[in-house]
Amino acid sequence: SQQGEEDPQALSIQEGENATMNCSYKTSINNLQWYRQNSGRGLVHLILIRSNEREKHSGRLRVTLDTSKKSSSLLITASRAADTASYFCATDRGTYKYIFGTGTRLKVLA
Amino acid sequence: GAVVSQHPSWVICKSGTSVKIECRSLDFQATTMFWYRQFPKQSLMLMATSNEGSKATYEQGVEKDKFLINHASLTLSTLTVTSAHPEDSSFYICSARKTGSGYSNQPQHFGDGTRLSIL
Numbered sequence: 001s002q003q004g005e006e007d008p009q010a011l012s013i014q015e016g017e018n019a020t021m022n023c024s025y026k027t028s029i030n031n032l033q034w035y036r037q038n039s040g041r042g043l044v045h046l047i048l049i050r051s052n053e054r055e056k057h058s059g060r061l062r063v064t065l066d067t068s069k070k071s072s073s074l075l076i077t078a079s080r081a082a083d084t085a086s087y088f089c090a091t092d093r094g095t096y097k098y099i100f101g102t103g104t105r106l107k108v109l110a
Numbered sequence: 111g112a113v114v115s116q117h118p119s120w121v122i123c124k125s126g127t128s129v130k131i132e133c134r135s136l137d138f139q140a141t142t143m144f145w146y147r148q149f150p151k152q153s154l155m156l157m158a159t160s161n162e163g164s165k166a167t168y169e170q171g172v173e174k175d176k177f178l179i180n181h182a183s184l185t186l187s188t189l190t191v192t193s194a195h196p197e198d199s200s201f202y203i204c205s206a207r208k209t210g211s212g213y214s215n216q217p218q219h220f221g222d223g224t225r226l227s228i229l
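Chains as they are written, first to last, in this note's numbering: chain L, 1 to 110; chain E, 111 to 229.
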């Protein structure tokens with residue numbers, strides 16, 4: 001399977017804490033993206049990082065990319081209850097067909 | 111901008127019926143749309159790539175005759191689950207990418223999904 005792997009599969013933290021989730025993939029990529037999915041809903045795009053970028057920020061989100069290790073991480077700082085959701089990474093090899101990771105279910109406790 | 115509307119959001123029907131799901135890009139043109147299937151607490155699996163004006167490209171293991179895809183315009187793709195059976199029950203999600211040059215590093219935009227339950 002070409003599917004990426006994410007860890008942890010599930011993460012439970014207290015409000016205000018930081019949440020870190022990791023994504024590993026198998027082939028060379030054009031870019032990597034992170035999405036959030038609330039229960040029973042579609043995906044919301046969070047951030048895109050290109051293969052020639054190493055780090056990117058957007059608000060409370062920080063994404064890193066290590067192409068030599070074929071891995072990426074998503075850090076959510078000062079988490080809120082509203083951040084409770086599933087988070088997926090998706091890789092694009094330039095064919096516009098995304099390969100999604102297995103996802104991390106984040107629960108932020110108030 | 112970049113809103114994708116998916117309809118219906120929820121459908122329950124009897125085994126043997128066919129169900130059509132629509133995916134519309136509301137404020138942009140999309141030459142290419144994608145259809146995914148998602149089982150509970152699992153990731154998204156790409157079913158097919160829908161191309162405007164041409165045949166869809168199906169992923170390995172996806173039955174073309176079972177999941178009919180039509181992409182008749184730059185803003186609409188439809189997925190029809192034919193002769194649906196309980197094992198077809200799932201969450202189906204579409205996405206679309208903007209058409210044109212300069213969009214090679216742009217995200218896909220997702221609909222809100224359709225929960226299909228076959229009795």
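Bear in mind the hints are in silico, worked out from the structure with no lab data behind them. Remember, it's a predicted structure, so these values are computed and weren't measured experimentally. Careful, some of the hints might be misleading.
Pair ranges (Cβ atoms, derived) [said to hold, decoys possible]:
id, chain 1, residue 1, chain 2, residue 2, range
1, E, N215, L, A81, 39 to 47 angstroms
2, L, Q9, E, P196, 24 to 32 angstroms
3, L, Q9, E, T167, 45 to 53 angstroms
Taking lysine-lysine and the DSBU-like style, the derived pairs with C-alpha atoms no more than 35 angstroms apart in a straight line are [said to hold, decoys possible]:
id, chain 1, residue 1, chain 2, residue 2
4, E, K151, L, K56
5, E, K124, L, K70
6, E, K208, E, K174
7, E, K130, E, K151
8, L, K56, E, K174
9, L, K26, E, K174
10, L, K97, E, K130
11, E, K151, E, K208
12, E, K130, L, K69
13, E, K208, L, K56
14, E, K130, E, K176
15, E, K165, L, K97
16, E, K176, E, K208
17, L, K97, E, K124
18, E, K165, L, K107
19, L, K70, E, K208
20, E, K124, L, K69
21, E, K176, E, K151
22, E, K124, L, K26
23, L, K70, E, K174
24, E, K176, E, K124
25, E, K174, E, K151
26, E, K165, L, K26
27, L, K107, L, K70
28, E, K208, E, K130
29, E, K176, L, K69
30, L, K97, L, K56
31, L, K56, L, K70
32, L, K97, E, K176
33, L, K70, E, K130
34, L, K97, E, K151
35, E, K165, E, K130
36, E, K124, L, K56
37, E, K208, E, K165
38, E, K151, E, K165
39, L, K56, E, K176
40, L, K26, L, K69
Built from N, CA and C at the ideal position, the CB exists for glycine as well.
To see whether the hints hold, each was checked on the structure:
no., hint, in the structure
1, E:N215 / L:A81: 39 to 47 angstroms, "violated, 32 angstroms"
2, L:Q9 / E:P196: 24 to 32 angstroms, "holds, 27 angstroms"
3, L:Q9 / E:T167: 45 to 53 angstroms, "violated, 31 angstroms"
4, E:K151 / L:K56, "holds, 28 angstroms"
5, E:K124 / L:K70, "violated, 45 angstroms"
6, E:K208 / E:K174, "holds, 25 angstroms"
7, E:K130 / E:K151, "holds, 24 angstroms"
8, L:K56 / E:K174, "violated, 40 angstroms"
9, L:K26 / E:K174, "holds, 28 angstroms"
10, L:K97 / E:K130, "holds, 23 angstroms"
11, E:K151 / E:K208, "holds, 29 angstroms"
12, E:K130 / L:K69, "violated, 42 angstroms"
13, E:K208 / L:K56, "holds, 23 angstroms"
14, E:K130 / E:K176, "holds, 12 angstroms"
15, E:K165 / L:K97, "holds, 16 angstroms"
16, E:K176 / E:K208, "holds, 28 angstroms"
17, L:K97 / E:K124, "holds, 33 angstroms"
18, E:K165 / L:K107, "violated, 41 angstroms"
19, L:K70 / E:K208, "holds, 27 angstroms"
20, E:K124 / L:K69, "violated, 48 angstroms"
21, E:K176 / E:K151, "holds, 24 angstroms"
22, E:K124 / L:K26, "violated, 41 angstroms"
23, L:K70 / E:K174, "holds, 33 angstroms"
24, E:K176 / E:K124, "holds, 16 angstroms"
25, E:K174 / E:K151, "holds, 26 angstroms"
26, E:K165 / L:K26, "holds, 29 angstroms"
27, L:K107 / L:K70, "holds, 26 angstroms"
28, E:K208 / E:K130, "holds, 23 angstroms"
29, E:K176 / L:K69, "violated, 39 angstroms"
30, L:K97 / L:K56, "holds, 22 angstroms"
31, L:K56 / L:K70, "holds, 16 angstroms"
32, L:K97 / E:K176, "holds, 21 angstroms"
33, L:K70 / E:K130, "violated, 39 angstroms"
34, L:K97 / E:K151, "holds, 22 angstroms"
35, E:K165 / E:K130, "holds, 17 angstroms"
36, E:K124 / L:K56, "violated, 48 angstroms"
37, E:K208 / E:K165, "holds, 19 angstroms"
38, E:K151 / E:K165, "holds, 31 angstroms"
39, L:K56 / E:K176, "violated, 42 angstroms"
40, L:K26 / L:K69, "holds, 10 angstroms"
Of the numbered hints listed earlier, those contradicted by the structure are 1, 3, 5, 8, 12, 18, 20, 22, 29, 33, 36, 39.
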